[in-house]
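Numbered by mature numbering (1 follows the signal peptide of the UniProt record, and there is no 0), the letters in the sequence shown go through residues -23 to -1, 1 to 750 in order.
It should be emphasised that the hints constitute simulated quantities derived from the structure, not laboratory data. Among these hints, one or two may not hold up.
[Unchecked claim] When the alpha-carbon atoms are kept at most 20 Å apart in a straight line, the in silico DMTMM-like pairs for lysine to aspartate or glutamate are as follows: (1) Lys174 / Asp216; (2) Lys67 / Asp23; (3) Lys631 / Glu650.
[Stated by the list, open to error] Okay, the calculated beta carbon distance ranges per label pair: (4) Thr87 / Asn50: 29 to 37 Å; (5) Val209 / Asp422: 30 to 38 Å; (6) Tyr517 / Lys606: 27 to 35 Å.
Remember, it's a predicted structure, so these values are computed and weren't measured experimentally. We treat Cβ as the ideally placed atom computed from N, Cα and C, and that holds for glycine.
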Amino acid sequence: MAFSYTNIFLFFFLHQLIIFSNGQNITIKGGYWLWDSGLIALNKIDLTPFSHLFCGFADINSQSNQLILTSPNSFIQFTSIVQQKNPSAKFLLSIGGGGANKTTYGIMATTPNSRKSFIDSSIKLARQLGFHGLDLSWIFPESASDMMNLGILLNEWRIAINTEARNSSKVDLLFTAAVSGSPRVNGSIYPVQSLAKNLDWINLIAYDFYGPNWSPSQTNSHAQLFDPVNYVSGSDGIDQWIQQGVPPQKIVFGIPFYGYAWRLNNTNIHGLRAPAIGKSDVYDDPWMTYAQIRDFIVQHRATTIHDDRIIVTRKILGLVTMIFKLLGLKCLILKAEGCLVIMQWIFQETLIGILFFLMLLHKTYKADGVTQGEIVKKKKKLNRLVIILIPIGALLILILLMFIIWYLRRRQVPKFQELERNKMGSNNKARKSGDNSNLQVFSFDEMKEATNNFSFDNKLGEGGYGPVFEGMLRNGEKIAVKRLSETSSQGLEEFENEVILTAKLQHINLVKVVGFCIENQEKMLIYEYMPNKSLDHYIYNQVRRLVLNWEKRVQIIEGIIQGLLYLQEYSRLTIIHRDIKASNILLDLQMKPKISDFGMARMFKEDEVEANTSRIVGTLGYAPPEYIKQGIYSTKSDVFSFGVLLLQIISGKKNTCFYGPDEQLNLLEYAFEMWRDGKGMEFMDESLDDKTSYCKLLNCMQIALLCVQKNPLDRPTMLEVSNMLKNIANLVIEFPKRPAFSVKEDEESLKKYGLVQEREEVDTATITQLIAR
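Put together the whole structure using the sequences plus the hints.
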């Protein structure tokens, strides 16, 4: 048996195994995704049928024995896409794969230090990337000593996983391994006791039994369920693993979604084990995905021949024969004591050619007790059942759709004022928003259903207002539900304020509010769903920040500016947000920013410049000094907050930490001193070390320092900020003074530090636009 093709992009484990955990039955329906396959984008695949997805492969650094990723961004994007397309799915980081160097893994497993280095780095990386577990795909240990060391590795790995979870108060990482279809490989036996004890389950590679590269002389099925001649099959492998001591409840059966093509000696002899002369040259590789096989059959009108004895299908065309498992309307009968039972697959061509649904029949059958006639009989019964159920199901769906349309229309409330009158009482400010009819009013039961009863798995995060949950409406629209908690520092005023304001504001860089819910003591706001979370999820994380290259950060900076320009300059009323910060900048599927959370926002009339309040709200570190000390807020308040945020975007640094040689400077003062001393690039995020962006980064830093000046009059307007960043008409950017909240006194003059000449060199560079390069 062989497993050497790293470019096979998707090995789907479609399993129907019952695994007992906390007294509950868990169905594993998993699939492997290879980031470097290049055949199809992950976001084009329907991931909803899966409960578990494996992303491969991470590998070992042969010098440090630590885990490495060739393309970290691909793994980050994997977790992001899976969370978006199937939030309930668990995803595991798979290590090794068929292309990994077996010798490197064998050497790593020999000594305690190298094993510890490998184990610790794997757990750390899985946590950093947000994976729910780890999967070892060491394919395959080659000697008895490798097998023994594998058992030791699994023992130590399990202890480390449990210890890390206990110390961090996190849920244990899942722990699995891909193993051969048989417990015996290359004359050695797997450490079965260690596998059964330490792993949550094993993924059985019940395929690649035969292939034209390693068995070229005759055709054969590489993934048959039964083999009455050679006893090399999935069923035989399961029996062997159970006999060795692995419980059926820890076996997951792997089924491939590809086949192999041989070149025949004789066109007229094309059955299983027909004479062949190696691989076909239909494609560059001997393996073919089911989508390729399907297209090949349609294009060449190939004949299909089915063999019930082993449940495979052969496609015949000239001297080419392709052997693969037929996933059609048929029974796959597997022999095991409670491990696997009859499975039925019904597919539609939407997932790499196939979308599958799994159904479990409760009666267990043994493979050697089933005849070809019984299989045919079951097929006919199933066909009759499908013929009956399809029209009934279609009618029920039609009735359901009509009911949903009726219900949605009935639910709409034409006026927001009506809700205010019934739920919030007579509030003058609310009544003024009565012309907004685009908001939907939702019931508590609808939100409970949409968020799966506000389950922890649906929770996206929590702020001062309360928890935010991901949800899905009955029409399939994804939403984010912000639920006011009883202990929230915000209340009805902020809730009402946000509903009113967001109903009035419509801009591509502002988060859209879909509707709200007020029922009994419950108050919820329903937003459009933003799949890539908030900006702080990326810029403060050492791994995820790599997704935000200079080009994407420019896009985010410009989007925030456009959103603030709309609020301050272009909307009918001037809006002061009062809580601009990284966690309130949400990112859509294309990583474009949208300003959110208008609970603290205030409206200005045309003739108003500033206002005063005795109730200080917002976030320390982003609020300007005049607001904190005197309660005065204006458009320059949001300019200050933007300046803080801009420094964070270009540096990746938090404003809750202290910096400098003695760690006594806040973020603003540290940025100023680095800029003043000509060390601005040392302040920047290391991942943005791009010489071509040198001037633009320093420009951003200088503009950000102008925005965080102590005196509001010294700060630019957002329109001036936009012009400076685009360098409209070669504007001369002023030198900033020491920023607000500085510990040290203001210095005399920037000329004292010889800064004028250096800044002139930067400013004379041609920067026509803030464009990433």
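Starting from the range 27 to 35 Å, see whether the pair Tyr517 and Lys606 falls in it by beta-carbon distance.
holds, 28 Å
Taking only the CA atoms, is the gap from Lys631 to Glu650 under or equal to 20 Å?
Holds, at about 17 Å.
Decide if the proposed pair is consistent with the structure: Lys174 and Asp216, CA atoms, cutoff 20 Å inclusive.
Judged against 20 Å, a Cα distance of about 19 Å means the pair holds.
Holds or violated: are the alpha carbons of Lys67 and Asp23 at most 20 Å from each other?
holds, 15 Å
Cβ-Cβ distance between Val209 and Asp422: within 30 to 38 Å?
violated, 55 Å
Should the hint that Thr87 and Asn50 are 29 to 37 Å apart at their CB atoms be regarded as holding?
holds, 33 Å
The structure fails to meet hint 5 from the earlier list, while all remaining hints are met.
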